[in-house]
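Engineer: Those protein sequences? They're chains Z and X, same order as listed.
Sequential numbering from 32 applies to the first sequence in the numbering used here.
Sequential numbering from 32 applies to the second sequence in the numbering used here.
Treat the hints as calculated values from the structure; they're not laboratory data.
Just to be clear, a hint being listed does not mean it is correct.
To be verified - Residues of chain X placed beyond 12 angstroms of chain Z at every Cβ, according to the derived structure:
#1 ASP88
#2 HIS256
#3 GLN307
Claimed, not checked - Straight-line distance between alpha carbons at most 20 angstroms, and here's what the computed EDC-like set of lysine to aspartate or glutamate pairs gives:
#4 Z/LYS62 / X/ASP369
#5 Z/LYS261 / X/ASP107
#6 Z/LYS259 / X/GLU42
#7 X/LYS354 / Z/GLU334
#8 Z/LYS259 / X/ASP124
#9 X/LYS261 / Z/ASP124
#10 Z/LYS177 / X/ASP107
#11 Z/LYS259 / X/ASP107
#12 X/LYS62 / Z/ASP124
#13 Z/LYS361 / Z/GLU371
What the hints assert, rightly or not - Reference listing, derived: stretches of chain Z covered by chain X, where coverage requires no fewer than 3 residues with Cβ under 8 angstroms from a Cβ of chain X:
#14 107 to 118
#15 143 to 151
#16 172 to 182
All C-beta atoms in this analysis are idealised placements derived from N, C-alpha and C, irrespective of residue type, glycine included.
Protein chains: 2
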Amino acid sequence: MNTTPFFLDTETASYVIGEKALESSVKQFDKYPRYVVLVDENTREHCLPVFQQNLPDITINDVICIESGEEKKNLDQVLFIWNELTRLNVDRDALMIHLGGGVLTDIGGFVAATYKRGIDFANVPTTLLGMVDAAIGGKTGIDFGKFKNQVGLFVDPVSVIIDPLFLKTLADKHWQSGFAEVLKYGLIIDHELWQWLYGKNYREIDYWNKIIVRAARDKINIVRHDFKEKGVRKNLNFGHTIGHAFESFFLKMNKPVTHGQAIAAGMICESWLSEQRMDMECSKREEIVEMIDRNFPRLPVSENDLPTLMELMRQDKKVREGKLHFSLLKRMGKAVHDKEVSSGLVLKSIEFYLHNS
Amino acid sequence: MNTTPFFLDTETASYVIGEKALESSVKQFDKYPRYVVLVDENTREHCLPVFQQNLPDITINDVICIESGEEKKNLDQVLFIWNELTRLNVDRDALMIHLGGGVLTDIGGFVAATYKRGIDFANVPTTLLGMVDAAIGGKTGIDFGKFKNQVGLFVDPVSVIIDPLFLKTLADKHWQSGFAEVLKYGLIIDHELWQWLYGKNYREIDYWNKIIVRAARDKINIVRHDFKEKGVRKNLNFGHTIGHAFESFFLKMNKPVTHGQAIAAGMICESWLSEQRMDMECSKREEIVEMIDRNFPRLPVSENDLPTLMELMRQDKKVREGKLHFSLLKRMGKAVHDKEVSSGLVLKSIEFYLHNS
Numbered sequence: 032m033n034t035t036p037f038f039l040d041t042e043t044a045s046y047v048i049g050e051k052a053l054e055s056s057v058k059q060f061d062k063y064p065r066y067v068v069l070v071d072e073n074t075r076e077h078c079l080p081v082f083q084q085n086l087p088d089i090t091i092n093d094v095i096c097i098e099s100g101e102e103k104k105n106l107d108q109v110l111f112i113w114n115e116l117t118r119l120n121v122d123r124d125a126l127m128i129h130l131g132g133g134v135l136t137d138i139g140g141f142v143a144a145t146y147k148r149g150i151d152f153a154n155v156p157t158t159l160l161g162m163v164d165a166a167i168g169g170k171t172g173i174d175f176g177k178f179k180n181q182v183g184l185f186v187d188p189v190s191v192i193i194d195p196l197f198l199k200t201l202a203d204k205h206w207q208s209g210f211a212e213v214l215k216y217g218l219i220i221d222h223e224l225w226q227w228l229y230g231k232n233y234r235e236i237d238y239w240n241k242i243i244v245r246a247a248r249d250k251i252n253i254v255r256h257d258f259k260e261k262g263v264r265k266n267l268n269f270g271h272t273i274g275h276a277f278e279s280f281f282l283k284m285n286k287p288v289t290h291g292q293a294i295a296a297g298m299i300c301e302s303w304l305s306e307q308r309m310d311m312e313c314s315k316r317e318e319i320v321e322m323i324d325r326n327f328p329r330l331p332v333s334e335n336d337l338p339t340l341m342e343l344m345r346q347d348k349k350v351r352e353g354k355l356h357f358s359l360l361k362r363m364g365k366a367v368h369d370k371e372v373s374s375g376l377v378l379k380s381i382e383f384y385l386h387n388s
Numbered sequence: 032m033n034t035t036p037f038f039l040d041t042e043t044a045s046y047v048i049g050e051k052a053l054e055s056s057v058k059q060f061d062k063y064p065r066y067v068v069l070v071d072e073n074t075r076e077h078c079l080p081v082f083q084q085n086l087p088d089i090t091i092n093d094v095i096c097i098e099s100g101e102e103k104k105n106l107d108q109v110l111f112i113w114n115e116l117t118r119l120n121v122d123r124d125a126l127m128i129h130l131g132g133g134v135l136t137d138i139g140g141f142v143a144a145t146y147k148r149g150i151d152f153a154n155v156p157t158t159l160l161g162m163v164d165a166a167i168g169g170k171t172g173i174d175f176g177k178f179k180n181q182v183g184l185f186v187d188p189v190s191v192i193i194d195p196l197f198l199k200t201l202a203d204k205h206w207q208s209g210f211a212e213v214l215k216y217g218l219i220i221d222h223e224l225w226q227w228l229y230g231k232n233y234r235e236i237d238y239w240n241k242i243i244v245r246a247a248r249d250k251i252n253i254v255r256h257d258f259k260e261k262g263v264r265k266n267l268n269f270g271h272t273i274g275h276a277f278e279s280f281f282l283k284m285n286k287p288v289t290h291g292q293a294i295a296a297g298m299i300c301e302s303w304l305s306e307q308r309m310d311m312e313c314s315k316r317e318e319i320v321e322m323i324d325r326n327f328p329r330l331p332v333s334e335n336d337l338p339t340l341m342e343l344m345r346q347d348k349k350v351r352e353g354k355l356h357f358s359l360l361k362r363m364g365k366a367v368h369d370k371e372v373s374s375g376l377v378l379k380s381i382e383f384y385l386h387n388s
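This is chain Z alone, in the form it adopts within the complex (with noise of 0.2 angstroms):
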């Protein structure tokens, strides 16, 4: 079968998604004089070389090695960069072609449009999660005292070249985090897309080009509308009120857990809350439940941590004026935001978490 890759051009960005996406972008990396490539110690090994190769017409002048991990998304990592253009004596005219998965591509971007108040970069994301989210949308960070994304900003890459390719030696554990987006697509936007996946693992899935070009895109159509989170983009946020909240309170407990891991913590919090809030059906939310279940192990947390947990996610972005705001399933495909939902019934949710299962 002669594959071709799926090509998309925003007001802000363009996109080449699928099979054969990297060889095809020449174009995408056409015109800049100077080509700084982002890795860290894993990509530099097993992407950076698959990159040369299929796009061999493009002279990489310098390489910048960070460190991988969810928990150096931080400052020191931006300094480091910063210095190292500064080093380099990087101009404006560069283009930074962003190597890895979320955490690279998230702290890339803030770099790259706060460097000499901003060059552009293109974002090569190279784990599932990336290429179905971070590398989508422009939401750059990283995360600061004890909070995630504390700070960051919205900027688009020029251009997002999403090829399978890399994924061949993706970790399990990462290929789980990027399937609790997939699926978080599913439930809010493409019910379409959750009954490819349903009663599925992930481990038995073999065919993700199609999964990909489809999660890519839902993501597209909605970060297009509303670049800046005003409205619908709000939906993205399902699960991760209480999903980041898991996460930053496992990352202070130096035993990190992936951001799927928490973010399907979250979805099962956030059904049970969209059934009690949103009158979503009893049913919808145990399949929810189960599909989450089959793919990812519960959290190692208990009625001891509940204080911690409502602390910080009094700090998350998405509280106003001091209130919770949830997004939630209205039915399966369709979400709805800026739900208001009480301390009370939050703890419930997560109490709900605990005991069921």
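Given chain Z, put chain X in place with the hints provided.
Structural biologist: For chain X alone, kept in the frame of chain Z given last:
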């Protein structure tokens, strides 16, 4: 005389400029649930009471105080404000009000744009330089390493309130500093403004309201048509390529000069370049040098400092593909941008500054 300020709403920002601007700007500060004012130790003492007297209906919820001074435009202050905003649980719906000079509005804009991926902010400049330049146009940032504005971004305030009322307490050196930028508008775009000023020392001038409204409008007219500095906005860099090198040089020596003093020196060098490279009339170059010397002392640089100054210039954001580009004068009131100048000629322009006075 019943004075009213000048009101202007552009695509991105709302301006109120001139006498009574502050008391006329209630609408600009409307609708936010929380107000956080950023001050330094000077504006807290001299300007915050004036702000509150003129806008009694605004309840200031929090005041964050940073240290004043060009040499304090650094990452430590950014970290301090990010930490304070976090500690105070400030959320995305708040308005930050930046009450201060150019250093404060530059730092404040960067912080507001990056805290929780961006919160609204208003600039209320309290110095002449802030009123006619720094508070307008969305350039924010900090110095990093030994380079000016190495880290920052373009982001417009929601409103800019320019009221000469604050100038009553302004120290002489700050009048001088802002005056350099006023002269620059006269040279690059507004020959009539130049004629209002020519032959005067800034200490003799008593029609500041008229000058400030005119100069601020000149700047707004340029930046609203080229926010990201791809074309005509570059004309604002007249005097700044060499001027920034002077500014960084003295900062590095721990003998900081004001921005205006550095830019005044840069304008002498770049007027000489305009004569050499753009065939500006010799008599006009003499007119410019005479007016600048009437208002600014020459900086204490010597032949020995030339290599350091050249190296600092190579790090300038206006360098592209390793080449120095300048905005130069074609004639009085008419600048052109992207003029390549050889290192040799740049050196000679600084030698002209050293020996012709």
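Engineer: Compare the structure with each hint and give your call.
Structural biologist: Do the hints match the structure? See the list:
Every Cβ of chain Z is farther than 12 angstroms from the Cβ of X/ASP88; the closest lies at roughly 19 angstroms, confirming the non-interface assignment. The Cβ of X/HIS256 lies farther than 12 angstroms from every Cβ of chain Z, with a closest approach of about 18 angstroms, so its non-interface assignment holds. Under the 12 angstroms C-beta cut-off, the non-interface status given to X/GLN307 relative to chain Z holds; the minimum distance is some 25 angstroms. A hinted pair counts as satisfied when its Cα atoms are at most 20 angstroms apart, and Z/LYS62 with X/ASP369 qualifies at roughly 19 angstroms.
A threshold of 20 angstroms between alpha carbons decides the hint, and for Z/LYS261 with X/ASP107 the separation of about 31 angstroms lies outside it, so the pair is violated. Only pairs whose Cα atoms come within 20 angstroms are accepted, and Z/LYS259 paired with X/GLU42 is accepted, the gap being roughly 16 angstroms. For the suggested pair X/LYS354 and Z/GLU334, the alpha carbons sit about 63 angstroms apart, so the restraint of at most 20 angstroms is broken. Taking the CA atoms of Z/LYS259 and X/ASP124, the gap is about 13 angstroms. The hint holds against a cut of 20 angstroms.
At roughly 11 angstroms between alpha-carbon atoms, X/LYS261 and Z/ASP124 fall within 20 angstroms of each other, so this suggested pair holds. A C-alpha spacing of about 18 angstroms is found between Z/LYS177 and X/ASP107, which places the hinted pair at or below 20 angstroms, so the restraint holds. As the CA atoms of Z/LYS259 and X/ASP107 are separated by approximately 28 angstroms, the hinted pair breaks the 20 angstroms bound. This hinted pair does not check out: X/LYS62 and Z/ASP124 have alpha carbons roughly 40 angstroms apart, beyond 20 angstroms.
Restraint check for Z/LYS361 and Z/GLU371: satisfied, since their Cα atoms lie roughly 14 angstroms apart, inside the 20 angstroms limit. For the region 107 to 118 of chain Z, the stated coverage by chain X is satisfied: 4 residues place a CB nearer than 8 angstroms to a CB of that chain, which reaches the threshold of 3. For the region 143 to 151 of chain Z, the stated coverage by chain X is satisfied: 6 residues place a CB nearer than 8 angstroms to a CB of that chain, which reaches the threshold of 3. Requiring three or more residues with a Cβ within less than 8 angstroms of a Cβ of chain X, the coverage given for the region 172 to 182 of chain Z holds, as 7 such residues are present.
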